[in-house]
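*Asks:* Single-letter residue listing:
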Amino acid sequence: MTEQINEAEQINEAINREYEAGFVTNVESETFEPGLNEDIIRRISAMKNEPEWMLEWRLKAYEAWLQMEEPDWAHVEYDKPDFQAISYYSAPKSMADRPQSLDEVDPELLATYEKLGIPLEEQKALAGVAMDVVWDSVSVVTTFKENLKEAGVIFCSISEALQEYPELVKKYLGTVVPQRDNYYAALNSAVFTDGSFVFIPKGVRCPMELSTYFRINEQNTGQFERTLIVAEEGSHVSYLEGCTAPQRDENQLHAAVVELVCLDDAEIKYSTVQNWYPGDENGKGGIYNFVTKRAVCHTNAKVSWTQVETGSAVTWKYPSCILKGDNSIGEFYSVALTRGAQQADTGTKMIHIGKNTKSTIISKGISAGRSNNSYRGLVRINPKAKGARNFTQCDSLLIGDQCGAHTFPYVEALNPSAVVEHEATTSKVSDDQMFLCQQRGLDAEKAVSMIVNGFCKEVFKELPMEFAVEAGKLLEISLEGSVG
Amino acid sequence: MLSIKNLQASVEDKQILKGLNLEVKAGEVHAIMGPNGAGKSTLGYVLSGREGYEVNGGEALLGETDLLDIEVEERAREGLFLAFQYPVEIPGVSNMEFMKAAVDAKREAAGEDALSSKEFLQRAKAACKQVNLPLEFLKRGVNEGFSGGEKKRNEIMQMMLLEPKLCILDETDSGLDIDALQVVAEGVNSQRSDDRAFIVVTHYQRLLDYIKPDFVHVLADGKIVKSGGPELALELEAQGYAWLDNGAEA
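So the protein lines, in turn, are chains A and B. When we follow the numbering used here, the leftmost residue of the first sequence carries the number 1, and every step to the right adds one. When we follow the numbering used here, the leftmost residue of the second sequence carries the number 1, and every step to the right adds one.
No lab work stands behind these hints, which were simulated from the structure alone. From the three backbone atoms N, C-alpha and C, an ideal C-beta is built for every residue, glycine too. Mixed in with the good hints, there may be bad ones.
[Claimed, not checked] Restraint-style ranges between C-beta atoms, simulated for each label pair:
hint: 1; chain 1: A; residue 1: 82; chain 2: B; residue 2: 107; range: 53 to 63 angstroms
hint: 2; chain 1: B; residue 1: 121; chain 2: A; residue 2: 378; range: 38 to 48 angstroms
hint: 3; chain 1: B; residue 1: 15; chain 2: A; residue 2: 378; range: 48 to 58 angstroms
hint: 4; chain 1: B; residue 1: 108; chain 2: A; residue 2: 422; range: 56 to 66 angstroms
hint: 5; chain 1: B; residue 1: 225; chain 2: A; residue 2: 430; range: 27 to 37 angstroms
Just chain A, same shape as in the assembly (with noise of 0.2 angstroms):
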């Protein structure tokens, strides 16, 4: 007892302390109207109070995104986002409130994690696991922010890191997805409200796994999160990232981008599970999940993106590795599973620049439904990456025979020294696999979730252990009803 109390109590802290830091001050205006223009822009920057640095920076980028046009080179179908319907600050209501304490916490969001499996007074039970939760744009809760001071770790939202590590941010922030990378990355830049940060100082072992848990709420709110952890030489750090959505009629956009830079010798393990709302059977109201993710990996370091995306109505992701110094690594560790009318295209990019770099993806794609899951991989091997390596395994399971698998594969070997390797397999959940399981006592339901369980086992694998048993949850919920 005494302990849960004392648990609360530094979560407390942890909230009150977030408040004071006050980045947002001006708890009155808590939605903007819709629009996008130079003015929101400049009023989001002073909302949060950020340097003028910062402002210019994202003027930038949202005059280059003026220039650019929407992708459209995506397996996928859907009604363009009108960018000025879009309201792009909100932050929620219960900020005006201050809570004094746990029970002052939005209950909703304290729902949301108990439906979720994991009440917040659990969360430090969980494995040592910090949150910084976000809750719509502005992060509420950011706990354990002290252990992680001992250690020389910084854990914290992008608005706090602005204004209290600027010079790190100014450093990094734009160095792996420049501005104007592409039309969703420029958008981000521009108008990004919140997000995390990590720096974990050279040679440092992060202590604990740092997870962040993101959720819509507000409708006709664009989520634009911008996501930067640093390792330091020689470090290393496990980033857990998960989200759901509340059911809604309006398509949400959502466009963060993440970036990683992973310098010599260090280590960043960055896992995901994504569980956007997908919309209704004919995905509308569902989330638009427009995603630039990529790390940059210096000498001996090492990248590994796992990630578990069952959610979104659309879904164009790609979380990519430069590898850029000799021998390093990256690692691309994905499960996509659409159902209903769901549209997935994902996949990444792996850009052999250094010597004896490494890559190795493992892409697993589940089908249900009406629905369409492409998988599209880029390995490059420039001319000067003698001794490269690739490794690409993409399989694909359908359930039922209306929906669709598709891979996009593309190989530029450009030194003749490279070995690239790909292996493709599609196939069904047989009738013999589902006899087998009912006729030991499983109902269909039960024997699909296991079956695909088993099929993604090469991924879940990869994942923290608390991650992977939720994933598995998350996938067993996903596929309810999607068997006759």
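We have chain A already, so just place chain B on it with the hints.
*Replies:* Positioned in the frame of chain A, the structure of chain B alone reads:
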């Protein structure tokens, strides 16, 4: 325990079972023999409720339960177990995970609590040993990369864990060398008890040297055409099934 009356069933509109009758009491072992295409495997599939096997008439009761009225998994939970002739692989799903879920599903249906992981593991290890499978097979994917003999032993292990009322062994001897056959037969024999019955479907008498049946039936053209004691199997071995052409087909 099992009462089949005038069972008729078809696959893709082709009549396979044409009025089959069979009574099996608890504790008994019945062997069903017969030529290829007589409907031996069909009987197992129809009783267990496999999709595509249409019942056109008759009844099949397991105890008080009308089997033909309930879903595949419900029949299984009622205590019907089918050991497959060609067990299928389920990659990535460990034997342990699979069987724990199966055992728990059965217990839940019976209103019992799920087994603790520890308790289940003990039982699984014991079963593994009994069928002479290394313990690592519990961690491996269901039948994934198993040899023919290992798959059959795995079936028997599953049977041991599920403790069914009625076990149907569908040509379990096919593809087994003599050593594997002995192991499988020993496993089956160890499970014989007063409250459990077996239907052993086989083409050859060989298996019955190891699993001694109480009754032997000859299934031909969708019906049981002859029944007798263990000596009938020996007769069939000596004479083959050619004599049936005069009797059953006419």
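*Asks:* Hints first: check each against the structure and report whether it holds.
*Replies:* Going down the list of hints, with the structure as the test:
1. Separated by about 55 angstroms at the C-beta atoms, residue 82 of chain A and residue 107 of chain B satisfy the suggested range of 53 to 63 angstroms.
2. Checked against the hint of 38 to 48 angstroms, the C-beta distance between residue 121 of chain B and residue 378 of chain A comes to roughly 45 angstroms, which is consistent with it.
3. Taking 48 to 58 angstroms as the suggested C-beta distance range, the pair residue 15 of chain B and residue 378 of chain A conforms, at roughly 57 angstroms.
4. In this structure the hint that residue 108 of chain B and residue 422 of chain A lie 56 to 66 angstroms apart at CB is violated, the actual value being about 44 angstroms.
5. Range check, residue 225 of chain B to residue 430 of chain A: Cβ separation about 35 angstroms, and the 27 to 37 angstroms hint holds.
Of the numbered hints given earlier, the model fails hint 4 alone.
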